[in-house]
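Novice: Sequence:
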Amino acid sequence: MGILTVDFPAAAAGLPEGCESVDQITSDDMSPNFAKATTLLQDPLERILDEVRPDCLVADMFFTWATEAAAKFGIPRLVFHGTSFFALCATENMRLYKPQRQVSSDDEPFFVPDLPHQIKLTKMQLPEHERSESETDFARIAASMEESELLSFGVIVNSFYELETKYADYYRDVLKRRAWHIGPVSLCNREVEDKAQRGKEASIDKHESCLKWLDSKKPNSVIYICFGSVVKFDVSQLYEIAMGLEYSGQQFIWVVRRGENENESEEWLPEGNISLDIDNCDLTNKRRRPTITPRG
Numbered sequence: 001m002g003i004l005t006v007d008f009p010a011a012a013a014g015l016p017e018g019c020e021s022v023d024q025i026t027s028d029d030m031s032p033n034f035a036k037a038t039t040l041l042q043d044p045l046e047r048i049l050d051e052v053r054p055d056c057l058v059a060d061m062f063f064t065w066a067t068e069a070a071a072k073f074g075i076p077r078l079v080f081h082g083t084s085f086f087a088l089c090a091t092e093n094m095r096l097y098k099p100q101r102q103v104s105s106d107d108e109p110f111f112v113p114d115l116p117h118q119i120k121l122t123k124m125q126l127p128e129h130e131r132s133e134s135e136t137d138f139a140r141i142a143a144s145m146e147e148s149e150l151l152s153f154g155v156i157v158n159s160f161y162e163l164e165t166k167y168a169d170y171y172r173d174v175l176k177r178r179a180w181h182i183g184p185v186s187l188c189n190r191e192v193e194d195k196a197q198r199g200k201e202a203s204i205d206k207h208e209s210c211l212k213w214l215d216s217k218k219p220n221s222v223i224y225i226c227f228g229s230v231v232k233f234d235v236s237q238l239y240e241i242a243m244g245l246e247y248s249g250q251q252f253i254w255v256v257r258r259g260e261n262e263n264e265s266e267e268w269l270p271e272g273n274i275s276l277d278i279d280n281c282d283l284t285n286k287r288r289r290p291t292i293t294p295r296g
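Numbering (the UniProt record's numbering), first residue to last: 1 to 296.
Read the hints as simulated data drawn from the structure, not as lab findings.
Among the clues, some could well be false.
Said to hold, decoys possible - DSBU-like, lysine-lysine: derived pairs with alpha carbons at most 30 Å apart:
{"#": "1", "residue 1": "K176", "residue 2": "K166"}
{"#": "2", "residue 1": "K98", "residue 2": "K120"}
{"#": "3", "residue 1": "K232", "residue 2": "K98"}
{"#": "4", "residue 1": "K176", "residue 2": "K72"}
{"#": "5", "residue 1": "K98", "residue 2": "K123"}
{"#": "6", "residue 1": "K166", "residue 2": "K98"}
Claimed, not checked - Cβ-Cβ distance ranges computed for the label pairs, FRET-style:
{"#": "7", "residue 1": "D137", "residue 2": "M1", "range": "46 to 52 Å"}
{"#": "8", "residue 1": "D234", "residue 2": "H117", "range": "32 to 38 Å"}
{"#": "9", "residue 1": "K166", "residue 2": "I48", "range": "37 to 43 Å"}
{"#": "10", "residue 1": "T122", "residue 2": "M1", "range": "45 to 51 Å"}
Here the structure is a predicted model, which means the values were calculated and not measured.
Backbone N, C-alpha and C define an ideal beta-carbon position, used for all residues, glycine too.
I would like the entire structure built from these sequences, with the hints used as guidance.
Specialist: Dropping the structure here:
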């Protein structure tokens, strides 16, 4: 097996050198530049496809141009989805039926039609492009992804059949999508210590304090909260989330991404007995006694 690489065209798209993933974007104004940079990957990819002629091309759902690139050389393209079958089914039925347009207010509940289970939502729970009456930039991107997927050979999903059997079947049998579940996908580490270092460096030394705290709790009594490595909250939003967790009375572990300002860690903590410790984009902690202090 060989590995071929291409340079990410950050500078050509007006991005700082070294900005090669969305979690390195420091402002919303940089998002169009990042999107442009991904489209600039098409030409170097086509040169590789022409030279290597692989049996198939697997490309992330956001690389909508990959279907066209693969078709030029008669190569089937598979779309990779990092999300679940459930999310794919719900998103598709929201697109097909648009149930949010049948309610009159942002907090009036509605059901996502024709799913294996009754899924109730409100407009406030939807992303902006689903709430907006006019077409947003992301709505156009979503439409492009849908078109690219329909023209592709099929879909690979980061999930496994036993986790969401009904939705895997629904996606294939009802929505008529050719799909394979290959998850959960993770880096190919074999040693325990290497596995613990997947992604960003963790703030807890070998996670021992966190695991000891979890071991002291009853089964199914702790909520895990994580909004991913891309989502950024301002101080006021973090404060609201922290207050909600505090008032819930629920034991929890919360992953918080550190902001650009190293000194902001404590600014958004409400007064009271909620206790959080933050480090570089990874595991933080929990509420109430005992306080976990993951930094060694």
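Novice: State for each hint whether it applies.
Specialist: Here's how the hints hold up against the structure:
The hinted pair formed by K176 and K166 meets the criterion: a straight-line CA distance of about 14 Å does not exceed 30 Å. Of the pairs offered as hints, the one joining K98 and K120 holds, with about 13 Å between alpha carbons and a cut-off of 30 Å not exceeded. As the CA atoms of K232 and K98 are separated by approximately 28 Å, the hinted pair is consistent with the 30 Å bound. A distance of roughly 25 Å separates the Cα atoms of K176 and K72; the hinted pair therefore holds under the 30 Å criterion.
A threshold of 30 Å between alpha carbons decides the hint, and for K98 with K123 the separation of about 11 Å falls inside it, so the pair holds. Annotation: proposed proximity of K166 to K98 holds, straight-line Cα distance about 22 Å (limit 30 Å). A beta carbon spacing of about 38 Å between D137 and M1 contradicts the range 46 to 52 Å that was offered as a hint. Checked against the hint of 32 to 38 Å, the C-beta distance between D234 and H117 comes to roughly 34 Å, which is consistent with it.
Restraint check, K166 to I48: a C-beta distance of roughly 39 Å satisfies the suggested window 37 to 43 Å. Hint check: T122 to M1, Cβ distance near 48 Å, so the stated range 45 to 51 Å holds.
Of the numbered hints given earlier, the model fails hint 7 alone.
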